[in-house]
Amino acid sequence: MIKYTFPITAFVTVLLLGVLIFSLPTPETEQTNSMDAGTSYFLKNVKLFDGTGVVEQTHILVENGLIAKIGIDIKQPPKAQLITGKELMVIPGLIDAHTHSYGSVLSDALRFGVTTHLDMFGPEQGLAANKVHRQKLNKTDRTDLFSAGTLATVEGGHGTQYGITVDTLVMPEDAEQWVKDRKANDADYIKLVYIPNQNRIPSLDLATAKAVIKSAHDQDLKALAHISTQQAAKEMIEAGIDGLVHMFADSEATEEFVALAKQTGVFFVPTLSVIASVDNADTSKFLSAQSISDPFLSMEQQGSLNASFGNEIHGFDLSIAMTNVGKLHQHGVPILAGSDVPNPGTAAGCSLHTELELLVHAGLSNIEALIAATSLPANYFQLDGRGKLAIGSRADLVILNQDAIADISATQNIHSVVKNGHLIERTLPETAETSVLEHTLLGDFELAEPATFKSLQGFSWSQTDDSIANGKSTAWVKRVDRDDVAESSSNSGALHVSGEVRAGFPYPWAGASVGSFAPPIKSYDISDLRTLSFDIKGQAGNYRVMLFSPDYKGIPPTLGFSVSENWQTISLTLADFPTINPKNFSGLAIVAGPQPGKFEYTLDNVRLN
Amino acid sequence: MNNSFNRTMRSFFLESGAEILKSFRAPEFILPTLLMPVAFYTLFATIVPMGPESAPYLLATYGVFAVMGPAIFGFGISVANERDKGWLALKRVSPATGGSYIAAKVLSTLIFASFSVASIYLVAGFAADVSFTRATWASLLMIHLFSVFPFILIGLSIGFLCNANAAVAVSNILFLSFSALGGLWIPIMVFPPAMQSFAHFLPTYHLSEIALAVSQTSGQGDISYHLLVIGVMTALLALSTALAWSKQRNS
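Protein chains in written order, with the numbering used here: chain A, 1 to 609; chain B, 1001 to 1251.
Wrong hints could be hidden among the right ones.
To be verified - Within a straight-line C-alpha distance of at most 25 Å, the following computed DMTMM-like cross-link-like pairs (lysine to aspartate or glutamate) qualify:
{"no.": "1", "chain 1": "A", "residue 1": "Lys131", "chain 2": "A", "residue 2": "Asp218"}
{"no.": "2", "chain 1": "A", "residue 1": "Lys139", "chain 2": "A", "residue 2": "Glu425"}
{"no.": "3", "chain 1": "A", "residue 1": "Lys131", "chain 2": "B", "residue 2": "Asp1129"}
{"no.": "4", "chain 1": "A", "residue 1": "Lys139", "chain 2": "B", "residue 2": "Asp1129"}
As the list claims (entries may be wrong) - Pairwise CB distance ranges (calculated):
{"no.": "5", "chain 1": "A", "residue 1": "Gln231", "chain 2": "B", "residue 2": "Ser1224", "range": "40 to 48 Å"}
{"no.": "6", "chain 1": "B", "residue 1": "Thr1234", "chain 2": "A", "residue 2": "Ala390", "range": "51 to 59 Å"}
{"no.": "7", "chain 1": "A", "residue 1": "Gln231", "chain 2": "B", "residue 2": "Phe1198", "range": "45 to 53 Å"}
{"no.": "8", "chain 1": "B", "residue 1": "Ala1026", "chain 2": "A", "residue 2": "Tyr4", "range": "15 to 23 Å"}
{"no.": "9", "chain 1": "B", "residue 1": "Val1190", "chain 2": "A", "residue 2": "Thr264", "range": "39 to 47 Å"}
{"no.": "10", "chain 1": "B", "residue 1": "Phe1198", "chain 2": "A", "residue 2": "Ala259", "range": "54 to 62 Å"}
{"no.": "11", "chain 1": "A", "residue 1": "Gly315", "chain 2": "B", "residue 2": "Thr1234", "range": "53 to 61 Å"}
{"no.": "12", "chain 1": "A", "residue 1": "Val55", "chain 2": "B", "residue 2": "Trp1185", "range": "54 to 62 Å"}
{"no.": "13", "chain 1": "A", "residue 1": "Gly385", "chain 2": "B", "residue 2": "Trp1185", "range": "38 to 46 Å"}
{"no.": "14", "chain 1": "A", "residue 1": "Thr474", "chain 2": "B", "residue 2": "Arg1025", "range": "46 to 54 Å"}
{"no.": "15", "chain 1": "A", "residue 1": "Leu16", "chain 2": "B", "residue 2": "Met1036", "range": "16 to 24 Å"}
In short, the hints are calculated from the structure, not lab data. Bear in mind that the values here come from a model prediction, so they are computed numbers and not experimental data. Virtual Cβ for every residue (Gly too), placed ideally from N, Cα, C.
Make the full structure from the sequences, and use the hints.
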């Protein structure tokens, strides 16, 4: 018997492995399996902009994530849900041709009808997963992402300042391997930074930039460039670049330049939105301001919209950029809509709508602006099934309450967004119930251990540091007796916090926090309160208070203060915290950083008044 | 000639049958090496995932982890044990051939490694939403099963060189340090640069990079470097195993 044990076991094992390989999910099977029934919509009597032209009145049937039928003579199947209304207009899901899609950018963009993002620099981790994600037709709450991955720059150059590891180049010989690595890391195209002849920040030299363009073309990838001057744009076009992802705003395009651009077929993604922000330009005369005051804006969107670049950077004049867009467009140079979100002054999703308004003011017609955000980028980036609404296209579409051919700002008057054939929930997720808070004590540290310190219901004290974000800082907390009051006093306890802030995360921090940080997150409405006060002493230096809100994922609202070796009472006005959302307060942290070093402080009587 | 071939095959089938029966009859040894990888993978890929890409990423690295256990422990400890008890000496004077003794162990290890890897694939595919094309699943499985060989050689060397007690300790040290430092548990990118460079000396690092490249989860570019290193490492291990084999024969 024993001599048959091995052949039988081996046979069974091989058989089982075979069955396993053929039953594991593949991207295609997921598509059909998870496609829930009943996601069929009949859009009745709508005006259609299909990506290139207009159909005054038609019906559209959306089925299984795709456009199944279009026509005035098609019938509504019984299971299809009816969408109809007065003067509805349907346009393809919008394509933003210049983004940096991290954090909540993809979900925020989708709620504003932007269904495809062309990322122009970000971390390469996760690109493979995104590639799989964007091929599916599943219900999703994220915009599909195409990406350059990282960018071609030099050590210390533009792109290296954001805390993302960037594989830099030194000389032309590096280009081939560098492009190969991008391809292996699932980049869809190549972006390089070419900003020579200035002394703010180092840049690729022309020879290396040319080598990157050539290697990209050799490996069948498009090469795009970040430029900021007409001269640099000219050199890149001469070097064979496929597209320039900003409009230069230093000088008006010369006749020769326009002729060169036209002759080579290069396209521009002007990103007027971000140029306006750098220029601190008053865009109110161009914008309907509808999307900027939209109730659907998340905290992140409001935060980046209200942010600014701060110091003015020379050479960015919005009116020059708009003139250039107009000139180039007039001579037939392709202009693609891109917003460069979420740079300061822009916000995911809504800034593409305002970009369209800016493009129209620069000289595009309304329909040309729509084409610039739909079929044109789809053509240049070979995005099959996107940017056009035809039978068999992906059912990514935006239903508008108004006719955007008549008024471009109508793209902001959104009736609903459909992605992969599913209606998108545009309202922001509700957070747990909030109770209105009157003046309160967050911690006096009289009793027990940190985790059980008395605080608000659902709140607790603990140490906090950036190790939760893969940083390297550390912090410890312990209850201590105050040395300046008698032990018998009812105010004898305090919280001692010590640790070390270490580099290793873009915004290192370490300290103590109070609040609710694990789901279900408890939050309070503190809009009736004015100040945060606490007693503190410790190693002299600058410290910060960060406020938390469950709907905020980026850098939290932060305010600095300084500590001395003697007890003092710090009082901070809550309204001074930038982008605070007082209706949804879920905690705060008192921390050292971002400058590295050891710290210690003792904290007591933390109150909101 | 034909007769001697039949004898070898018979010896091999008997050996391998016995090897498999042993594992079923004494499951306390093989079960932990089968269950630990899938338990870890379930924990880090589905219960506390670190990001949307962590399940497919960790699948590539935990697959290497899954085959390493049966190989290092199956060989290191069991060969040392059998040698210590005089079983190997007895075999040498029996009609059984040394080759069939090793081959039986290799194939039964491959079978257990298959189950270990398969259990992780099941969790990945049906609990962690990992989806690859058929070809990718198949080539990933091939890579993972081939990964068993360098570890078998390591296990054999341990078995030939150490006594039973030392083999347990040495196997554990190698198993844990290869896993942790080679980036099987936690993505190598989060290590400090010095540790990342050190990983280049470990077979686990190169095998997981090959698996990552095959699954296209986070390909580090060209895999020919990793294939070359693994080839050289395997050749060196084969050499050292041969030396260890002749050393234990002569001792």
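The hints, checked one at a time:
Between the alpha carbons of A:Lys131 and A:Asp218 the distance comes to roughly 22 Å, so the proposed pair stays at or under 25 Å and holds. At roughly 11 Å between alpha-carbon atoms, A:Lys139 and A:Glu425 fall within 25 Å of each other, so this suggested pair holds. Pair hint A:Lys131 plus B:Asp1129 holds up; C-alpha atoms about 15 Å apart against a cutoff of 25 Å. Under the criterion of a C-alpha separation no larger than 25 Å, the hint pairing A:Lys139 with B:Asp1129 is consistent with the structure, at around 14 Å.
Taking the beta carbon of each, A:Gln231 and B:Ser1224 are about 41 Å apart, inside 40 to 48 Å as hinted. Between B:Thr1234 and A:Ala390 the C-beta distance comes to about 54 Å, which sits within the given range of 51 to 59 Å. For A:Gln231 paired with B:Phe1198, a C-beta distance near 47 Å keeps the hint of 45 to 53 Å intact. For B:Ala1026 paired with A:Tyr4, a C-beta distance near 21 Å keeps the hint of 15 to 23 Å intact.
A beta carbon spacing of about 44 Å between B:Val1190 and A:Thr264 agrees with the range 39 to 47 Å that was offered as a hint. For the hinted restraint 54 to 62 Å between B:Phe1198 and A:Ala259, the CB-CB distance of approximately 57 Å keeps it satisfied. Evaluation of the 53 to 61 Å hint for A:Gly315 and B:Thr1234 yields a pass: the beta carbon distance comes to about 58 Å. For A:Val55 paired with B:Trp1185, a C-beta distance near 57 Å keeps the hint of 54 to 62 Å intact.
Taking 38 to 46 Å as the suggested C-beta distance range, the pair A:Gly385 and B:Trp1185 conforms, at roughly 40 Å. For A:Thr474 paired with B:Arg1025, a C-beta distance near 50 Å keeps the hint of 46 to 54 Å intact. Range check, A:Leu16 to B:Met1036: about 21 Å between beta-carbon atoms, so the 16 to 24 Å window is met.
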